[in-house]
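Colleague: So the sequence lines, in the order shown, correspond to chains A and B. Sequence positions in the first sequence follow the working numbering and run 28 to 455. Sequence positions in the second sequence follow the working numbering and run 348 to 526.
I should point out that these hints are in silico values taken from the structure, not numbers from a laboratory.
These stretches of chain A come out as covered by chain B in the derived footprint (C-beta under 8 Å, 3 or more residues):
| no. | stretch |
| --- | --- |
| 1 | 221 to 227 |
| 2 | 241 to 254 |
| 3 | 263 to 270 |
| 4 | 287 to 301 |
| 5 | 353 to 367 |
For every residue, glycine included, the Cβ atom is placed at its ideal position computed from N, Cα and C.
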Amino acid sequence: MRPIKLLIAALGLVLLLAPAGLRAALTIEIIGAGANQIPIAIVPFRAEEGLAQKITPVIAADLARSGLFRMIDSGGVTPVPSEPGEVNFPAWSARGSEALVIGSITAQPDGRYEIRFRLMDVVKQTQLAGFAYTASAAQLRLTAHKIADVIYEKLTGDVGVFATRITYIVKRGSRYELQVADADGYNAQTVLNSNEPIISPSWSPDGTRLAYVSFEANKPVVYVQSLVTGGRQAVANFRGSNSAPAWSPDGRRLAVVLTRDGNSQVYLISADGGGTPTRVSNSSAIDTEPNFSPDGQLLLFTSDRGGSPQVYGMPASGGAARRLTFEGSYNVSPRFSPDGKSFAFVQRSGSRFNIAVQDLSTRQVQVLTDGSIDESPSFAPNGRMILYASTVGGRGILAAVSSDGRVRQRLTETAGDVREPAWGPLVK
Amino acid sequence: MRRILTGIAIAGLLAACASTPDEQEAAKVEDRVPSAKPTTKPADPGTATKPLGTGKVAADPLKDPANILSKRSIYFDYDSNLVKDEYKPIISAHAKYLSQNRSKRVRIEGNTDERGSREYNLALGQRRADAVRQMMELLGASGSQIETLSFGEEKPKAPGHDEAAWTENRRADIRYQGE
Chain A
28 MRPIKLLIAA LGLVLLLAPA GLRAALTIEI IGAGANQIPI AIVPFRAEEG
78 LAQKITPVIA ADLARSGLFR MIDSGGVTPV PSEPGEVNFP AWSARGSEAL
128 VIGSITAQPD GRYEIRFRLM DVVKQTQLAG FAYTASAAQL RLTAHKIADV
178 IYEKLTGDVG VFATRITYIV KRGSRYELQV ADADGYNAQT VLNSNEPIIS
228 PSWSPDGTRL AYVSFEANKP VVYVQSLVTG GRQAVANFRG SNSAPAWSPD
278 GRRLAVVLTR DGNSQVYLIS ADGGGTPTRV SNSSAIDTEP NFSPDGQLLL
328 FTSDRGGSPQ VYGMPASGGA ARRLTFEGSY NVSPRFSPDG KSFAFVQRSG
378 SRFNIAVQDL STRQVQVLTD GSIDESPSFA PNGRMILYAS TVGGRGILAA
428 VSSDGRVRQR LTETAGDVRE PAWGPLVK
Chain B
348 MRRILTGIAI AGLLAACAST PDEQEAAKVE DRVPSAKPTT KPADPGTATK
398 PLGTGKVAAD PLKDPANILS KRSIYFDYDS NLVKDEYKPI ISAHAKYLSQ
448 NRSKRVRIEG NTDERGSREY NLALGQRRAD AVRQMMELLG ASGSQIETLS
498 FGEEKPKAPG HDEAAWTENR RADIRYQGE
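Isolated chain A, as found in the complex (with noise of 0.2 Å):
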């Protein structure tokens, strides 16, 4: 494992929370936050000192970087509570918090860890919830996540989204690196290293496997890699280029775009290869960048058949098209949102290029972010943020943003250019 190092600059303060000697992969820096912040106080663990991978450092920058809580001191507090009958609730209410997070650490005989741990509201003085896990060593930092994740379940009425993972693509020098990292940019691990260009990487509805596109046949291919076990296939490798791969909601499907008859056109084929592509669009025109409704009827997409290229919208088994994007001359890349009631695309205003979410209703249009090149949208499985490209200085980087444009990160590769990031399903 690489070594790691997590930096947050959150409402002008920098904290530097990860235990001295790791480096990090990404760099996490929040530069907006929302409007009504829950005060929370996550006190140390007891028995968590002596481990190698502290957990409540890590609940707390999960929590931060959501931009919906702010942090209160806990320190200076003796005895420090681990249980609930050892809280001074008048105490924490003091210093502004409303909720506390208490817990400890067990190590097991078999090596493993218990953690345990309470979620108290300081107003009421209940426990919100409480939960005991067993994990190895190598498991401390998902459990972390997960915690994280019932936190702000409970506190914000969101399903969380921290225990879930990012893939993107970054390019060293000439290399090409396909990469998968826990949800916070930690934990980076290389799947494919490739002398050419690789885009497009699309995840599997059970999060298991990746669909990407790779230039090492010196055209584009899209190949299904497994992530358990490493094998790969290429699922559509046909005469012209094969691209831009994306699954049905059962995971049986990809929707690609295929250049074998011809123009650039949406087809159908089996996740797992074989068979004849089913083609869905039918235009003169291009046709690409097909993205399915969570509910597996409506493909949307990207087409320059009116004339400058906008988003589409069609059903999943082909059939008339209908045109969504009307502002400006250059709306691509759309993606739907979990709950299917809006999508985020690319708007180009004059030489720049933002991210953009579109309500299917009402068809309003919020454009969320103000870089230069914003690219690849993708939304976390609870539909709050929104990981994209952007680049600063001319070196690509990955960024999110909240889908109502109030919280705003940006996680940077210390070294390379990164781009293409697609954000994981929820796995269970």
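Chain B: place on chain A using the hints.
Modeller: For chain B alone, coordinates are given in the frame of chain A:
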């Protein structure tokens, strides 16, 4: 039309030949690259004369710098797949060569500048390659000899982020099988 290069060819003449479309016959001459390292450009004016030999072995016209068939790049305007007049002689020469050499196969690789969606650019590059293919077919090449594909913005020839780099990268390249 037939023009045989004999004796000493000066560099300026070679440069002039390179821009005319009917120079396949120039292939009759022997390899004109001097036996020394081929670092100086053949069309570099004012350099030393070039021994051409007596012309028994045919050089590959596709690699002959004096032959228009050695020109392989067609450049496009922004967001356009229209083939400009200045590039039609190149496409015409390759179409003629393919029609006369039915065993030859080409790939036409479309490229774009870096602006905009990677997948949309992949499709744009494909359309540029297809525009070149269609013109070749009209001029006698067979569709079965030509595969078109796109690199989109992924393999920029010029690495910069300015208009000069973008101009260089909006391009379709003609590549013969085995090259």
